[in-house]
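Sequence lines, in order, name chains A and B. The opening position of the first sequence corresponds to residue 1 in my numbering, with each subsequent residue numbered one higher. The opening position of the second sequence corresponds to residue 1 in my numbering, with each subsequent residue numbered one higher.
Hints in this document: simulated from the structure, not taken from any laboratory. Among the hints, erroneous ones may be present.
Examples of chain A residues toward chain B, derived with CB under 10 Å [what the hints assert, rightly or not]: (1) R27; (2) A45; (3) L48; (4) F52; (5) Q61; (6) V141; (7) L142; (8) A157; (9) W161; (10) A191; (11) G192; (12) T194; (13) I195; (14) R198.
No more than 25 Å apart at the CA atoms, straight line, and that leaves these computed lysine to any residue pairs for SDA-like [to be verified]: (15) K158/A <-> A92/A; (16) K15/B <-> L197/B; (17) K153/A <-> L197/B; (18) K153/A <-> H105/B; (19) K134/B <-> K158/A; (20) K15/B <-> W153/B; (21) K145/A <-> K134/B.
Which stretches of chain B does chain A cover? Using the computed rule of at least three CB atoms under 8 Å from a CB of chain A, they are [as the list claims (entries may be wrong)]: (22) 144-155; (23) 211-219.
For every residue, glycine included, the Cβ atom is placed at its ideal position computed from N, Cα and C.
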Amino acid sequence: MNSEQTDLPVPPEREAEASRLARWRSRVAYQGLSLGLVCALVALALLLGDHFTRDAIASRQQEDQLATLRQVLPARLYDNDPLAEAFRLQDAELGEVEVYPARRGGELVAVALRVGTLGYGGPIVQLIALDNQGRILGVRVLSHKETPGLADKIEAAKSDWITRFAGLSLGNPPLAGWAVQKDGGQFDQFAGATITPRAVVKGILRALQLHARHAGKLAGQPEEVQP
Amino acid sequence: MSHCGGAQIVVRQGKRPWQYFTDALWDYNVALVQMLALCPALAVTTSATNGLGMGLATTLVLIISNAIISSLRHVISPEVRNPLMIGIIAGVVTLIDMAMNAWTHELYQVLGLFIALIVTNCAVLGRAEAFCLKHPVLPSILDGAGSGIGFTWVLVLIGGIREILGSGTLFAQASSLLGVHFQWLELTVLPGFQGILLAILPPGAFIALGFLLAGKRVLDRRRAERRIKTHGELVVLP
Numbered sequence: 001m002n003s004e005q006t007d008l009p010v011p012p013e014r015e016a017e018a019s020r021l022a023r024w025r026s027r028v029a030y031q032g033l034s035l036g037l038v039c040a041l042v043a044l045a046l047l048l049g050d051h052f053t054r055d056a057i058a059s060r061q062q063e064d065q066l067a068t069l070r071q072v073l074p075a076r077l078y079d080n081d082p083l084a085e086a087f088r089l090q091d092a093e094l095g096e097v098e099v100y101p102a103r104r105g106g107e108l109v110a111v112a113l114r115v116g117t118l119g120y121g122g123p124i125v126q127l128i129a130l131d132n133q134g135r136i137l138g139v140r141v142l143s144h145k146e147t148p149g150l151a152d153k154i155e156a157a158k159s160d161w162i163t164r165f166a167g168l169s170l171g172n173p174p175l176a177g178w179a180v181q182k183d184g185g186q187f188d189q190f191a192g193a194t195i196t197p198r199a200v201v202k203g204i205l206r207a208l209q210l211h212a213r214h215a216g217k218l219a220g221q222p223e224e225v226q227p
Numbered sequence: 001m002s003h004c005g006g007a008q009i010v011v012r013q014g015k016r017p018w019q020y021f022t023d024a025l026w027d028y029n030v031a032l033v034q035m036l037a038l039c040p041a042l043a044v045t046t047s048a049t050n051g052l053g054m055g056l057a058t059t060l061v062l063i064i065s066n067a068i069i070s071s072l073r074h075v076i077s078p079e080v081r082n083p084l085m086i087g088i089i090a091g092v093v094t095l096i097d098m099a100m101n102a103w104t105h106e107l108y109q110v111l112g113l114f115i116a117l118i119v120t121n122c123a124v125l126g127r128a129e130a131f132c133l134k135h136p137v138l139p140s141i142l143d144g145a146g147s148g149i150g151f152t153w154v155l156v157l158i159g160g161i162r163e164i165l166g167s168g169t170l171f172a173q174a175s176s177l178l179g180v181h182f183q184w185l186e187l188t189v190l191p192g193f194q195g196i197l198l199a200i201l202p203p204g205a206f207i208a209l210g211f212l213l214a215g216k217r218v219l220d221r222r223r224a225e226r227r228i229k230t231h232g233e234l235v236v237l238p
């Protein structure tokens, strides 16, 4: 095996070629052209990459959304495609809220609401599913930037805390109970983290109140609503 | 490579290709010796699994970008080498990002956040600049693999230390990264342990890295002393 692996030994004819290349490389035109050419090639590779992966990525993302929706909306409840029928609800207090309606035989049976609140590290986005009576079917945190290991117990993968909201509604517990224990409410905070669970509880309460405000309108939504 | 010195100093000269790989694991470790890529090393190592994922993704990028840049080393002008190399590295990273998102989606859900960060990982540009512009393709690939694996073990170690101290577990959720067959890796080292919050927070990363750096220096010094004692020589790396 050759112990020297650098470029050093160059035969004379190669040397002439190398010096010609070196002269070329010092010209501004060569530098600009080579840079442009490499950028064009990289762009071409990215275009090809996008072309071959776009459909697969789109269907993976669709599956992700559907998987999260399944966690809050039991699949046996509905027979439509809530993702395809998603629409935005105008609300005086919360602004635009994304709604995923679940229907069975054309009848609205439940809605999933996408609600954001401000946590400790940034926005916490939740998906909250409510049946027609305003009872919580399920809650999941879609995205958050809370402290890992401390406040990420709001994820279903880390703790069952978020599942304890199922079955509750605006009157159960009464309004004063819709807070963390530190604020006189009935929900546990985590050791060393109060702001995060407080924000989650607030988001769920907002979704419940929004549902109460728009219950008639939600139930009366026609089947085909464009986003 | 023209070190000269006392009679007891031996200069290691001329490397076999395999040595480019092994040297990068320890003696020229990108994180612990070159002190490059500390931003990803400190930011993502809240668990051993995160460290492993980031390390493996970086290794893949290092091998491919090293191979491409080294094969272009004769046509790259020194004046425009930086934008050119960054363009190539960014292209490789984005292609890997798209491919993983499309075809290894479960892995992507764990690593997705980190992959785009690799573009700004100075270890990748650092190896391109310091090594690939001067060496043929095979040593460059070996150097990329060695640097990547050297980076990976440091990340796994920092992540492991922080995870044990911060959560009492080791390799939690490794099966979502490596597949169901690796569930045995997921250990609860300290059952019922609440965890030291500091270890998970950013200062914990700096403290763990500090101890690692000190530990490596101690080991290196012991090794050198033992060498002097047994062989009566001091090996100087070129």
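Here's how the hints hold up against the structure:
1. R27: Hint holds; R27/A Cβ to chain B Cβ min 8 Å, cut 10 Å.
2. A45: holds (6 Å)
3. L48: Given a least distance of 9 Å, the restraint on L48/A holds.
4. F52: holds (8 Å)
5. Q61: holds (9 Å)
6. V141: Status violated, d = 15 Å.
7. L142: violated (13 Å)
8. A157: holds (8 Å)
9. W161: violated (16 Å)
10. A191: Interface hint status for A191/A: holds (7 Å vs cutoff 10 Å).
11. G192: holds (6 Å)
12. T194: violated (14 Å)
13. I195: This hint is violated: I195/A lies away from chain B, its Cβ roughly 15 Å from the closest one there, beyond 10 Å.
14. R198: violated (19 Å)
15. K158/A <-> A92/A: violated (35 Å)
16. K15/B <-> L197/B: Given pair K15/B, L197/B is violated - Cα atoms ~46 Å apart, limit 25 Å.
17. K153/A <-> L197/B: OK: K153/A and L197/B at ~14 Å, within 25 Å.
18. K153/A <-> H105/B: Measuring from Cα to Cα gives roughly 24 Å; hence the hint holds.
19. K134/B <-> K158/A: violated (48 Å)
20. K15/B <-> W153/B: holds (23 Å)
21. K145/A <-> K134/B: violated (43 Å)
22. 144-155: Per the Cβ count (0), the hint is violated.
23. 211-219: violated (count 0)
When each numbered hint is compared with the structure, violations occur for hints 6, 7, 9, 12, 13, 14, 15, 16, 19, 21, 22 and 23.
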